[in-house]
Every structure is written in structure tokens, then in C-alpha cells.
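Visitor: Chain by chain, the residues:
Protein chains: 4
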Amino acid sequence: MPDITAGTARFRFDRGARGPDRTAFYARPVELAALLDRIADDVAPEIGRGAVADYIPALARVEPWRFGMAVAEVDGAVHGVGDWERPFSVQSMSKVFTLALALSRGDSVWARVGREPSGDPFNSLVQLEHEDGIPRNPFINAGALVVTDELARHGDAADALLAFLRRESGRQEIAVDLEVAASEAGHADRNRALAYFMASYGNMRHPVPSVLDQYVRQCSIAMSCADVARSALFLARHGVRNDGSRLLGLSAAKRINAVMLTCGTYDAAGEFAYRVGLPGKSGVGGGIVAIVPGRCAVCVWSPGLDARGNSVAGVAALDRFTTLTGWSIF
Amino acid sequence: MPDITAGTARFRFDRGARGPDRTAFYARPVELAALLDRIADDVAPEIGRGAVADYIPALARVEPWRFGMAVAEVDGAVHGVGDWERPFSVQSMSKVFTLALALSRGDSVWARVGREPSGDPFNSLVQLEHEDGIPRNPFINAGALVVTDELARHGDAADALLAFLRRESGRQEIAVDLEVAASEAGHADRNRALAYFMASYGNMRHPVPSVLDQYVRQCSIAMSCADVARSALFLARHGVRNDGSRLLGLSAAKRINAVMLTCGTYDAAGEFAYRVGLPGKSGVGGGIVAIVPGRCAVCVWSPGLDARGNSVAGVAALDRFTTLTGWSIF
Amino acid sequence: MPDITAGTARFRFDRGARGPDRTAFYARPVELAALLDRIADDVAPEIGRGAVADYIPALARVEPWRFGMAVAEVDGAVHGVGDWERPFSVQSMSKVFTLALALSRGDSVWARVGREPSGDPFNSLVQLEHEDGIPRNPFINAGALVVTDELARHGDAADALLAFLRRESGRQEIAVDLEVAASEAGHADRNRALAYFMASYGNMRHPVPSVLDQYVRQCSIAMSCADVARSALFLARHGVRNDGSRLLGLSAAKRINAVMLTCGTYDAAGEFAYRVGLPGKSGVGGGIVAIVPGRCAVCVWSPGLDARGNSVAGVAALDRFTTLTGWSIF
Amino acid sequence: MPDITAGTARFRFDRGARGPDRTAFYARPVELAALLDRIADDVAPEIGRGAVADYIPALARVEPWRFGMAVAEVDGAVHGVGDWERPFSVQSMSKVFTLALALSRGDSVWARVGREPSGDPFNSLVQLEHEDGIPRNPFINAGALVVTDELARHGDAADALLAFLRRESGRQEIAVDLEVAASEAGHADRNRALAYFMASYGNMRHPVPSVLDQYVRQCSIAMSCADVARSALFLARHGVRNDGSRLLGLSAAKRINAVMLTCGTYDAAGEFAYRVGLPGKSGVGGGIVAIVPGRCAVCVWSPGLDARGNSVAGVAALDRFTTLTGWSIF
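Residue numbers (this note's numbering), protein chains in the order written: chain A, 1 to 330; chain B, 1 to 330; chain C, 1 to 330; chain D, 1 to 330.
These are calculated hints, taken from the structure and not from any lab test. Bear in mind that the values here come from a model prediction, so they are computed numbers and not experimental data. Just so you know, nobody snuck in bad clues.
Some but not every residue of chain D turned toward chain C, in silico, with C-beta under 8 Å: (1) Lys254; (2) Val259; (3) Thr262; (4) Gly270.
One side of the interface only, derived from the structure: several residues of chain A facing chain B at Cβ under 7 Å: (5) Pro117; (6) Asn257; (7) Ala258.
Each residue gets a CB set at the ideal place from its N, CA and C atoms; glycine is no exception.
Use the sequences and the hints to build the structure in full.
Guide: Structure follows, in C-alpha cells:
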């Protein structure tokens, strides 16, 4: 087991930008660092539980006892514990960012993808067939493929995503893990099936191989908890990026949070809302990003997954986090 | 069209009880009244749109151009506009209150009903069959029947609900509309099927006819927007009733809000979260109750329903409400 | 294990009635008796395998090692082996006879029930919901309830069925097993759900409790293999009863055979057609009735069921029967 | 409208091969020709009804008023009426022949595809997902792709099929319609999705593009009713080819007939069995091939399709055929 101790970093947030009110009733920076220490202690028994995603060799090799958690506050402070600066595969967490980038270009994606929970596992074709090739929401694989296809109208979607993530996190080193990408590409038959199926309904603008390539590279980006939390801060700031410019309007940003809450954790969205009470998006790499609107973005990582594909220790840590801070949205 | 003008009432809230912080950045009482006037104006074109529920004669007779809206603040002020004091059939809004009453007795109901969005229309048997008689959540009909069956362990569920609603609203006149109840009972074959189906899986404790009778009477209670908003205030106060006593613990109350958000508006929960951004529960009588945690409970009523069974003007009014106040939870 | 030896009986067939041509290339009567002996030997290892239906106590008590088989030829000869004269619960085999009785009154039942295989287990509500309360075929429970409801227009359906079976088999002792019927009635919640669900779509003419009572009594009739085979001979004779009168026209009789082939063995109809190659209908009592058009009706009984609800030894015996005689319809 | 008159041809059948007994009670050759004339008259009002398949331009161009029918008797006589010698696109009728060729190599295909009716439309992914990538039967598209993949172990499946069809029909001119094949290949996204989906479950041995190419060419073969009827005679002769050699054992041949009966006409198999009473397989080119075991193979063609994808006039003609001859298998 690694030595898990919390630390705090700070990065620039342009206060000239209008940020939302903050009326913290629990945590000051120093307290958040202590809080993360306590959470890491509390969830220690959960770390290593569950199963590491093993559908591709590159993911299966990750050490199951890893655990990291980072909180980025809207004013720029970042706190972390454990492996919070160690990169891991973001996988489906990337879907939040590509959706935001697509919406920053306009609303057209909503004509091609819904906003309802799927009720079925995350890569189901059943729903697609019942609803004529329109995916239920942008966070199931089919929906994310549509979002990538939409983004691709403006150039390579994975490149656009990388540029965004590097800028928000301030880390130019963020990159696609080429081994993971190659491994994913070699195990993409189901996503390929989803894409061709949507193509058969006319819901794919670009050639499937090209969309799939961009999609696979997005999912294969490696980032740390700190990187993810920083990059997601625009959702806590209702659309305002770290440089103070606006990526999305207030409504669009809130709406991404709403979609995260209802659809962000596969078919466990209700349970996650019930237990954690925050908008969140998980990935099979073991990461979960969650938003406390007006306050902070949180990212937690631990590779062991539950039966629905969400990090066991990650959900537990977020549960502790909202219990201890009282920061659920409900 | 009726003359729609806003008014404000006030009812007692025992300030000895610990209420949540309120840091309203928009509305003072006088402003809320003006706000409701504006909303009524804004949604006027929507009033009368959609189809009045017609599966029973007693509901089909309601005048489609009715519109009322009430906001009850956590400190006891109640504001309203239009038909905000006119009773209507609460129908599925009752499910929120029976769930709260059941949870006030303990957690056992969660062993018999899930917390996930259904993905299917509100009275679907498909899901029940796929999941062995365990309804997806307490707000679809099957789940609400289980909640009623659970409540029935402590006496007649409809009587318990009436007692609660009378006390919270301060209106002893609240009653079951016997004509609606008789009409519902005569058109309850699908709910009867749901109940017997769950019984076949061992998920019904009491005889189906008895549970169904209690369920039908709950749904047939007539209340005004003001009554509903007052009665739902405990959800805005995280469990604290109007007399300052605690109905539910903080977590349980927040969790009801979470279930409302993910499951409260049939298979349009994602759309409602996206557009309104508040926990809400609708009924085919045309009512919707929504919660702004820490601030207020809102009830809006207009009988015309959209294709998914939610009030057209009601959703529009709540959309305006959160847009104008900025009070979405996201 | 019982002593299983074959015997041959003979009962009257009015040769004045026009029977179909018979060009047997295998069996003469004496040979059929020998054939049944051989089949009983061949399938001995299968007898007792599988699980006895245990959803009601009265069925669960049957001895799993029972095996009987009877062949009734169109000219009136009946041959049998093992427990071929021992009554057992006909259960769903009754559906063939009620369908025939309903069709003898006219075609109106086809407006209320389809003729396609269900693709789902035999008492599924999923399909009913997808197809607006019209059951897929008359041999799933929902469809058989509709047939009973249709028959009930002319009086009690179970009484009509009993009268028919007594006359065809020549055995006045045939009766409802009251213990089984009481037990079924106490475990009928799922069928009750099916019936109320269809009622909610307007596809039930009589009150559900009455239809259910008649349905339960039909299923609870006890008959021997010999009784069933004799009673089913009209299907081998394309509509002609044992007294030479015509129950059904040529087309109607053939069509019942077609429905048996495609829908008669729950969701194993394709496998049964593939392996046995005859129209057949099974029951969870362990019986299967099969038809060789123009030649004979066969009934086999052994209580152990496979995962799809068909008698393990029964299917094996029919498989041997068609292999040895070459009498598949294909 | 074309001049529809019947004719009779004769082609060699090696009588040295053991053919099944024939005890025709209706038709002699001369009568069959007259019968076809009568059927063509009787179904004239149906010709041109329904919709021509229009998912690819090459199919959409076919003249809707075409009608042809051919009967090939087990002794080699072939009778026809109308456009019975005019080639059309065989489409899914090819699935019968590829299944037979795969089974002539052994039983291994049955480990990869089921034998049950699908209950869903012919290219459904729903079922595939519910059953882990194992198609329900070899006559839905997914199942036929598996059969092609299986055949491909021994060389190009379309080439093998062409060789077989040329030899059985005696017509070396039979070929792939390259325009149809190109058009199909350009509209194959759904089949591509099916194939990749099965690949994701490990149920595809060869690369999807290669299997799809062979599959598309099979479907694009053009043959006349006479060609198809002659080529299908081995199914009427329980496995014996036109040169007297055996393609399949008795059981395997009968079993193909059984699968045709339960699964051969998309989700109308029950209706087809009920109405026609013969094993049959339809294609969206408007052809249907049907088998009277021991007697003859029939092929009918008319391009107008019903809602389930079966030729309107074709089904009507087969219905008349079995009604007039009494040759249903039931």
C-alpha cells in the first residue's frame, strides 16, 4: 500500500472573471486537506475491492490498490491525497469534456442524442434500436460517439479535447496513452457495431473508422486526479474557464451538470444521486469526477470497479465527502 | 380565462426548529409575489395546451385553462398566483408523501423497491418482469404500490397520509375526492395487474384489493397548490416539519430529493432535470411539486399534459421560475 | 421403478366418417406396441431427470419416476406402455382442446389473440405490453385466458371442456382434480396479473375472477395418456371426432396443428420442431401431446421437466418415436 | 400486365437414387400446370399490392406487377406460370442453401446459432444482446452471417453457393447481380453492425469485411423461380441432390425444413405456418421458396411486400396452392 497523505497546490484563477457566490459552511483550504486525509483513512477498507477492468490488457495491468483524490476549488486552490498526481486512463470521464466542447459550438448535438437515463447498461444496442438510432444520452457509448462525430465537424475531436485539457489543467504533458489506445482499437468491435448501427439510421456524419479512431484516442488520455479536477472546474463555475473566459453559458453549464446527475454513472445514476448527491461521471479506468456547483470539482481514482462499472472506493470516498461537508446538491 | 393575480399568505413556522441557512440572492417575499405574476404572464400561451387526462371521467371534466402556482418559503411565507388555492387531484404527487411517511418508519422499504430511473413509461410491467418483481423506484406505480403496502403495516395508508397533509397544510378540509376515487377504482385494472404481478414474486404483504383501495384513495386526495407546497416544505428543510419537529433525518430527506430528481417525472426525468434543474414530482391531475433545498417548496398546477404525462404549463412555469431566480440545484 | 410393459386397447371409431388415407410404411398395430416397449427402454435413463414442477404443492408431490406413453391411431386402436392409463394433471395441454372448442364456435378468437411464437417465456407480460394486450398466441397463458374468456360466452368453459374430453375418451370418470385446482387458485397471482392487464386493454369480456376460475379448473383436469391421445385424435383426422362427426373444418384443424408446431412447447418450439418434427403441446404436469396428421395422436408423460418446462423423458420419447417411425411431418 | 400462362419443363432426375414415396391424391403433371394457371388467376388481384423493397436503388427498380411461380417435382418435372423463368434477386432465400451447405460439412454451426423463432424483426440487435451474441436462428440476418462465416472456413462462401446452385439448377448462367451487390454493399451498415456486435462476443471467425462481402454477394444472386425450385428439391427429397447423390442425411434435411417452418418468414412464421402450412423461406426480392416434403419444391415471386417483408402475392399463391392440393404438412 502506498503512503497516502494529503497535500495542497494552488493554481491561478483569474478573479477578474465573475465567479459564483461561495458561502462555505464547512471547509477552509487547510480543512479540506485534513478532510481528504480523513476520507482516505475511512475508505481504506474499500481500496482494492471490486474488479479492475480487464477487457483490454493495457487497463488490466493497473495496480488495484491505487487510490487518489483531488479537490479543485473555484478560486484555484487544489488539494489532494494519495495518488492524486499520478496519471490514469480517463476513459468515459472524457465524455463530459467532449460534450462541453460540442455545446460550446452550439446546440445541434441535441438533435442527435437524448437526455434521458438509459435504464440499460452503458453500451446497449437495445435502446438504440427501440429509438431509431438516437442514443438516450451523451454519456452512454453510443451517445458519446455521436458527440465525437459532431465535434469532428470542426477538426479532430481528440486533438481538440487534448488542447482543452492541457490548457485548463496547465499541464502540457497530458497525452493519449498510445498503448491503451492501440489496445482499445483492437477491442472496439462493440463500439464499431454501435457506430455502424447509428450510421444505418443516418445518425453518423463522418466515416465510422475515423469517428472511432478519435473516440478511442479521447478515452485513452491519461490524466491525474488533480488534472481532471482542474479541467472540470468550469462546471463548478457555471461555464467559466480557468482563465476567466466563458466556455459555456450559465444554462448550458448547469444542464451538463443535470445530465451528469441523471446519466453519469451508467445504470447506477439513481443510486449515485441517492448516495452521493452530486453530478458525477465515472470511467472504467476507475476515475470519477464530481461537481459541487459554486464550490469545487472533485476527482477520485481507484481502479477496482463494482458490477456496474463504477469505482468501489471512488463512490465510497465521494459518499464520505458529501456526508462530511454537507455539500450535496439536495 | 380566470383573473390571475398573485397573493401572499403566511403561516406559522416554529423558528425554534433549526432551519437551514438561507442566502437568497434574488427574491424577498414581495419580489416572489411579483415574480409569480410575471411567470403567469410568461406562460399564458402554454396554459390550456396539451391533453387533460381522460382515462377516468372525473379527471376528464377538469377545466383545461386552469393555472395556479404557489411558493412556500422555509420560514413560512406562502405566495401564490392564479388558481393557487383551488383544490385539484394530486394523483402521483401523493407518492412523495407516502414515501416520506414510509421512510419515517425505517428503511425497510428499500429492500422492496429500487432507486433507479425506469427508462420505461410509468406503469410498465416490462421492467418488473426483468427484475423479478422489484420495481425500479418508488415513483412509478408499481413502486408506489409497494410503498403503500409497506405503510399499511402501521394502519390504513391513505388515512395516515391525510392526517399528515392536514397537519402540514393546516387545512382540515383536505379530503379524498370520493367521485375521483370511485372512478379510479373502476379503472384500476392495470394497477391491479401490477400488484398481482408483484404478489406473484412475493413482493406484496397485504391482500391486493386492500392495498389497491388505499392506493386509489391516496391518489384521489384533492389539494390546492398552497396546500401541496406547505406540505412539502419538510423536503426543503431537510426533514423538519412545519411544527419544528423532525419527520426524517437529514440524509433521508436529501435522498428523497435525489429520487425525485432522477425519477419524479416519469420517463422525462432527464429532460426535467435539464430544463428545470430541481427535484420534482408530477401527477396526471396536472400538478407538479418541486423543491429548492434550503429555500422553498413550489407547487404548480395546470391540467393540460404533454405526451409523457407532465403538465405543459407547469413545466414551463418551473422552467421560468428557475431561470428567473437562478435557483436550480446545478 | 414400475414395470413398464406395453399393451394395446381398442375403442370404437365410426368408420362411416371419412378418415384420411393411411399409407403406413412402418408400423402395424402389433409393431406399435413393440415400438413403445423399445422407446420405453431407450429413454429409461432420462426418466426421473429434470425437476418436477413445484410451484404448487399438489403438483410437487407427483412421483418423478413415472413414465407412460400412448398412441391412438385414427382407426381407433390405442397402444400404450408404462403408466399410460394413470391419470396426471394435464395443465397446459388443455389449451389445445379449449382452442379447438372455441374455434368450433367460429373465428372470433383470432381477433383477440395472435398466432406467432412468443420468443419469451410462457407467462411473459413483456410481450403483452409491447403489443397492447393482444397475446402472441393461444398457447401462452395470456392467450389461453383469452380463449377461455371467449369460450365462456357459451357457458362455463371448464364444464364444456370436461364434456368434450369425456365423450372423446369414452371415460366419464375424467374430472377436475379439486386439490390441484385449489392449489392452483391459491398460486394464480401471475395469471391474475395477466388477466387484469388484458382487461386494462379491453381484451377481457367476463370478470377476471370468473375467467380465472374456469381456467384453473381446465388446467387441473386429470387424464391418462390414453385419454389424452384419444381425445386429440380429431387433430390427426383433420377435424373429425371419434363419433365420426366433424368438430372443425379441414383448414381449422390443420391450423391448430400449425399453431402447435410453432408455439406448442413454450420457448422451445423451434427446438421441438427440429428434434421431434411433430405438432405438440406440453404441460408442466409432464405431459406432451403430439399429432401425426393422418395417422395418430400420441401422448407421453413423465414429470421431470427441463429448464423450459417440457418433460425431459417425454421429449426424448417423442424424438425416438419419430426417428424410429420416420413419421415427422418434414 | 404480362401474359401469364403456365408451362411445363422436365429435367433429369437420376432415378437410381432412392426417392421418397409419392402418393399424390391430387395432381398429376398435367394437372399441376393447370393448377398453376388457376392460382395465377386467383391471385391476380394481389399482384402489385404491397411495397417493393426500396432500401437499395437496384431493388427498387423492379417492376411491381411481376409474378411467377414454379413447381419442381421430386421426379424432375418442373411446371411454371407467368415470369417463372425470369431471374430476380434471391436475397434471403439464399440463407436456406448456405445453411444446407454448412450442415453438409458438419454440425458445428449449431454451436454458434440457435433454432428458435426470433419474435423480433429479422435484423434485430435486441435479441443478440439478450443472448450474448448467439443469433436466434440461421434465417435472421445475424444468423446467416454466422453461417457464412462458418462456410468461409472452406473457401469463399458465395462461390461455393454459386457452384451448388448452378449444378442443381443446371443453369451455368446463374450469377451475382453485380449492380445489386454494389448497392447492397453501400447500404450494409446494419449488417455490419450485427457482424461487429457478434465479433465483440467472439462469434465471428473471419474479419467482418470479408464475411460481409461474401454475404452480400450471396444475397445478390439472381435466379428464376424455376432455378430456385430445382435447387431446393434436395429438401423435398430429404437430402438427395438432383444427381442422386446425398447432400445431407435424412435428419439434417428434415431439420432444415423444421427451421424453415418456424423461422423462415421473419416474424410472420406463425402466420405463414397457419395459412400456408409448408416450410418456406422468403426474401425481400419478393421470392418465397416452399417445400412439400416427399413431393415437390415450389418457388413463387412477386415483388410487392407486406409489412413483414414477405411477398403479398407470393403468400397468397402458396395459400391457394396448399388449399387446392391439400398438400400442407399438417
